[in-house]
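Visitor: Hey, can you piece these two chains together into the complex? The hints should help.
Taken in order, these protein sequences are the chains called A and B.
2 is the number that this note's numbering gives to position 1 of the first sequence; each next residue is one higher, with no gaps.
520 is the number that this note's numbering gives to position 457 of the second sequence; each next residue is one higher, with no gaps.
A few of these clues could be false.
[Said to hold, decoys possible] In the BS3-like style, the derived pairs of lysine-lysine whose C-alpha atoms are separated by at most 25 Å in a straight line are:
#: 1; chain 1: B; residue 1: K633; chain 2: A; residue 2: K143
#: 2; chain 1: B; residue 1: K602; chain 2: B; residue 2: K337
#: 3; chain 1: B; residue 1: K219; chain 2: A; residue 2: K164
#: 4; chain 1: B; residue 1: K412; chain 2: B; residue 2: K339
#: 5; chain 1: A; residue 1: K143; chain 2: B; residue 2: K219
[What the hints assert, rightly or not] Every beta carbon over 12 Å from chain B, so not counted as near; a handful from chain A, in silico:
#: 6; residue: M38
#: 7; residue: H54
#: 8; residue: R72
#: 9; residue: S75
#: 10; residue: M118
#: 11; residue: Q187
#: 12; residue: A210
#: 13; residue: R212
#: 14; residue: G222
Just so you know, the hints here were simulated from the structure itself, not pulled from any lab data.
Every residue, glycine too, gets a C-beta built ideally from N, C-alpha and C.
So you can see what is in the structure, the chains are spelled out below.
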Amino acid sequence: MTEPLIEAREVHKSYWLGEKEIHVLRGASFSLQAGEMASLVGPSGVGKSTFLHVIGTLDPPTRGDVLFDGRVASAMGEEELANFRNRGVGFVFQFHYLLPEFTALQNASMPGLINRMSRDEAEQAAEEMLKVVGLAHRLDHKPGELSGGEQQRVALARALVLKPRLLLADEPTGNLDEATGEGIHQLLVELNQQLGIAAIVVTHNPRLAERMPRRLRLADGLVIDA
Amino acid sequence: MKLRFRVIAVALLSFLIAGGVQYALSTWLGKSSNFSRDAVTYASFGAQALVFFLAGFVLSFVGRGYRPVENGIAALITGVIAFFVLRWLKPPSFSYDRFFASTGELVVWAAAAAVGSWLLAMWGASLGLLVGAAGHLDLRFRYEWGIARTHLRLNKRTVFLLLAVGLVVPGLQFAAGVLAQASDQARRGAAGVHSIAIDPLALGVSILAVLAAVLGLGRWFLGMRRLAALPAGQRRKRPATVVMTAISVAGVSVGVWALTVVLSVMSGFEADLKHKILGTNSHALLMKYTSEFPEWKGVVPTVTAVAGVSGVSPFILNEVILSHDQTVTGAELKGIDPATVGSVSDLPKQVIAGQLNWLGDPKSMPTTLVQPNQNEKLEGPEYDQFLEDTFARREKHPEEQKKLEPEVLKNLSAICIGKEMSHQLRAWVGDVVNVITPLGGEMTPSGPVPRSRPFRVACILYSGMYEYDSKFVYIGIPEAQKFFKMGDSITGLELKFFDVDAARAIGRRIVAALGGFPYRTKDWAELNRNLFSALKLEKLAMAIILTFIVLVACFNILSTLIMLVLEKTKEISILKSMGARDSSVMKIFVVEGLTIGAIGTAIGLLLGLASCSFIERFGLQLDPDVYYISNLPVTVDGAQFAVVAAISLALSYLATLYPATKASRLSPVDGLREE
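In isolation and in its complexed conformation, chain B is listed as follows (with noise of 0.2 Å):
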């Protein structure tokens, strides 16, 4: 075998370029722009692999060909330098703030590198064949495709019923939604049937659906019936290629299907739990290093004045304990300013029983039994149980109810608490809870007494959140000042922002026009790290499951077209016979996995989409106490079903690679000798 040294010493070459491509990309945006390490990190093995990629693409026209033992020489030859360099320029590790400590290390990474630009160019070379390197370029693929799409077999009938299944399959699926909806508005409302209220769209493309369905389903029975009717010899035998073709797309649907529909859930935990931390919590807090905060009045319009800023509200935070009757129960007391606190977080719409503003004034509060408030989003046995744990219970004994003169009880300071909370203590609006503090108590000869404080439920609140629902309670700011004994000073200040995902850098923006230190910010990103990368990590690993869904369903592309080649080896040797180029073969084979990919993806991204629909219509219950949330959410993220379907395709053209270049190897006489 002759090695080509010039393809070797030009694929060298260009791994070397990518490597610098990459080292000098992250040094330079490491040093020069905001990104997070991660993007950094992305963005510059990014650029290296698109490098590879490239090299591949130049090289199959330097070396007409795959030449796969050149690159692969090349190839270890950088992993050898990669091993080298990396040793002397000790670079981070990827877990996080490591250098490269062990050579086992280096190993891997130097091997990563080898593996990597050689799988890339391969792959780029494979375009570059693709367009004519070995003969001249050649972008044209029409008549290519004309053959294409006779061993497909996709004429008019075909795309007809793909179409029909591809629409009305989904459809039926978005018309279960759109009646599991109508059902249960049905069951709710006080008018029955006449509840429903459904958007006529929804509705109209239900009905087309149904009627499709019903309507394919007849013709098909005709069908059926007309060819059983037929003689044996006059009923058309279907090539195995081709239901080995509705099986690839088959497969590729539902393996995009799966992966979208799952993404999309976990995108919609994502979201919810984003959701209902920013509606509690503010989108960051400005806090100082030291405890004392007294000049927070004049801090306030400095705040307010940075651009991006949309609300600022002080705050206390404290550890306590709380007690009704004989429960008792740890809680995070918050001193709030309730006339503010609406700015930064929806604190005042989470009230479902009693008002928030009797925080700043105790003395408004009715004497009598507060109602419940309406509330479509709390329905369902987990609520009424609620109810009659709390607020039924005092309405049928009020004699639980600890007697106090009217005037001391007029006298309390008020507080609002959780749901869970308000369940747990079995403690309903109007009644009085004692709050404990180990803080500023009084010294004895036996040490310090913890001070107690009775306090009078203002509100109720629910944030959807169990754990802020069972674990905050909230005060007015002078309140938590006096109890806490700390005079004007606060914790910190609520912020929120008119775009949540710039709270870092505007939160560096506040601290600069502050005077830095020794003030700093802390975003929720930040405050929630544990929660949000577990998620983030969660979904990564889904994702890279389920893509091996697809991958598996790509193998059966792979094998389809295998059996296309064995079946077609005649045409291709006529083909050739008539001056059809390599690569002109190579096209049709690579255009017909592409078609087979693209047709599957299509459906599943349809499939996925209706999924979606459904999952939100129908509203799949979850136990909240396990969840956070009492339905399964759905996120329906544009950009994530691109990125599904370029992997899918992606995965699709990697299928076509095998069987399109053995038929492109082909000789002429191959398929003309055997008769």
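Looking at chain A on its own, in the form it has when it is part of the complex (with noise of 0.2 Å):
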């Protein structure tokens, strides 16, 4: 068996309300090969969305260790947490998050130009990818002109401008009407099968979560494969 491109071992996470402590990861372990598409469904307040920021250095583990490529993430300098932010990962969340002043071009170059490219090259970029999530007749509409489906695609080209090789998608289509969603569904499993990109999606949707060919189940502080 190859490496997995990412891995948690052990991993804990807890916070505090007040006096009181609240585990959410209660030593969550689990591993995703590159290219691999998984569901993680599980009841509201569980932690899902809190296992899908660990996993992807947004928020650090309190114990345990979450692995990209074999390396530790919390050995990682700031420096080289931003590069794997930027282009080793990229997040979709259940509300688009897009910058309401820039139009969709910019917002989908927004990494592009974090990353130091140039205008021209980060457009180009994010000019592809819009027209692979189906938005080439949207790219100068800004946030408020686009239809709440189209948002969601936007920031979906977005996290993928840079080529990442895995996507972590928080009920990206929680907001959404079936049909819409349904539509965004479609399109993360085409990604997956045309780019290669392993991705996690966290959803509510059953029906969705069924389709995909790996479904984990986040329990009592645990992921476990359904």
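Guide: Spelled out as structure tokens, the structure:
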């Protein structure tokens, strides 16, 4: 078996809520191969978002290690972490979180600009990715002028513009009607097949979760294969 | 908390180097340069501050962060070392020529070293962090600027609005000044409206400003009406931070405005005073330590040959009493050479009635009443009163004049008096005044008797300096020598140079050319030290007080940025999840604060410039008896404006540091969690 793309070893995460410590993750372990696609389900408040944040190095674990390509995330410096978030992983959230003053093209080129690519380069990459998600005709629209599904597609293009090897999607369809959500899901599957990007998709929709090659469930602070 | 001892060691070393630089520089400059003591002090402490700043910059790379505790420990040790070093060195204190006398003063200076090194190092560290001291060096801030611009809503519309406000408001002020000038000209001129003569450029600018203001107001009014016609839901809402940003910009502009206007007026006072003092007095005096100076005619060619000297004239100075009819006043009597006095002062230009040449040639003075000269500078009720009391009175009541034989009158020596003295004594040109000196009188059984001699007023002078116009009287050198029984001797030589500010250096050269002792020179700054040092102190105090206005305005920037950071927490998190570095987030907010500061400063400078022009053209009246001058003077000094801009920008930068650092330290999930 090849080395996994991402691996969590005995990850603990807890928060302090006033005097009370809340244990969200209690030694969760799991691994994901390159190009693999998995759904993550679980009841609300069980810690799915926290799990994704920890996996994506946005939030350090209280205990345990997260490894990406065999490298321990907690050992990375600020610079390395920033590079990893920039190029190694793409995030999509329940809300699109696009910058409202910028057009779709500018929003999607933001990771490229953060990577200090030239503006032309970044916009070219963004335009290509917006074509892939089917928004070639909406390049110069601001988020306020796009529909919910289109906004989420822009967010997806933004997450994938620098061709990361991992996509972490936190209920990307949670805010959309069923048909639109279905479209986004279809797109995620296509992207996984076309670009070979590994993905973890958190969802509440059991029908969508069923269609994923691998199904994960978060319960009692542990991740289990369903 | 883990202390990084390497950081402490490097910090301490660099702080001590900074102290060494200051001491070495002040010693070296003091020995081998001609700089004044103040200049040496400023230069050496400036260098020390710079080294502190650079040390902080370097330390941010060594310690990968601000490291306030480590820097603080190093600063504390620096203070302690400074205390003992100062006690051992005993350098001159800044209160002139006194040694560090008390332990209390030593503690103050040591504490200043500690606090200064810490603050400056923190400041330097902020710059280090900004360019990526924690990661790798990255001077680019392109996308950061793009994001900062959206936070400030700096789109084309806003830029246009800023330009409109920033140019039209000062423009209107400028136009008001031009209008005031025009109305003043129309009022004074004989031809009414036709006597208005205004620079066409100024007129054009004013008309443009007024047109732009009318246009802008019209558009604003239309916009408001259109907005009011919209249903409530469609009106665009402005976030609170945009309003706060506008208020911050306004705050900085007002501060900069006040600072520039007040400093320009103070400079105006200083320049005006300098002009008047140097109009009546020469740039320097050449005198001897003894009172005898009979060989002056041989000295003059040597002095004239020294490079930089443009004029030389002899003078005699003594105190006398002047009387006319029943009025008596004390005066400084100055013997001058009417032929050469014009080369060292503006005395010939100050004549408002009579002629200065009559001093050397009293026989050519007319016996009829002399008319006042035409003088544009002198107008207004105060001058009319003066003419009423002197000239008109002489015209209407010729019988008040003492009757003297025309022959006797012809043989009297001539004297020139200042305008205020003329007013006080009610003496007009042609009148006879008595000059009384206690010196060289006859010895009688009851002691020496003061001598008195009649002089005929040859001219009346107006310098604009109340003190000079009420105290100085002038007679010819030969008359003065005779009157004071000085033989061929004089008090000294008045000197004028091509460059006023080189007075001290040229003075030294002249003394050297004459072989040193017993000759000596005193330049104008030395002669009027009290006045100019008081002005300098006043200006400094004003600058410091008004800088507080800018400081308060920068607190506005601070709170605006804190609000912005709170408003944009989510955005910061998203940017960080996309890989934005801490330094990038910091850059966004520093750039924002600096932009607010820069826009405010630019508007403030323009306002200041317009106000100065307004004051200059409007000619604000002052009571000349109190202020020496009749109009509020202004001098627009480019360097001064630049310093104000630099201070304002530096303070804006400081204001950004806290919110920018806070923003950069936000964790990516801080903004994502709260839904």
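Visitor: So, for every hint listed, does it hold in this structure?
Guide: Here's how the hints hold up against the structure:
1. Taken as a hint, the K633 (chain B) and K143 (chain A) pair is honoured in the structure, with Cα atoms around 18 Å apart against an allowance of 25 Å.
2. For the hint linking K602 (chain B) to K337 (chain B), the alpha-carbon distance of about 15 Å falls within 25 Å, and the restraint holds.
3. Taking the CA atoms of K219 (chain B) and K164 (chain A), the gap is near 34 Å; set against the 25 Å cutoff, the hint is violated.
4. Of the pairs offered as hints, the one joining K412 (chain B) and K339 (chain B) holds, with about 12 Å between alpha carbons and a cut-off of 25 Å not exceeded.
5. About 17 Å separates the Cα atoms of K143 (chain A) and K219 (chain B), which keeps this hinted pair within 25 Å; it holds.
6. The beta carbon of M38 (chain A) is kept farther than 12 Å from every beta carbon of chain B, the shortest such distance being approximately 21 Å.
7. Once the 12 Å rule is applied to beta carbons, H54 (chain A) is inconsistent with being away from chain B; the minimum gap is 5 Å.
8. Annotated as non-interface, R72 (chain A) keeps its C-beta farther than 12 Å from every C-beta of chain B; the closest such distance is 16 Å.
9. The beta carbon of S75 (chain A) sits about 14 Å from the closest Cβ of chain B, which is more than 12 Å, so the claim that it is off the interface holds.
10. Remark: the non-interface label on M118 (chain A) conflicts with the geometry, its nearest Cβ contact in chain B lying 10 Å away (cut-off 12 Å).
11. Q187 (chain A), annotated as away from the interface, keeps every beta carbon of chain B farther than 12 Å; the closest lies near 25 Å.
12. The beta carbon of A210 (chain A) sits about 22 Å from the closest Cβ of chain B, which is more than 12 Å, so the claim that it is off the interface holds.
13. R212 (chain A), annotated as away from the interface, keeps every beta carbon of chain B farther than 12 Å; the closest lies near 27 Å.
14. At roughly 18 Å, the least C-beta separation between G222 (chain A) and chain B is larger than 12 Å, which holds for a residue marked as non-interface.
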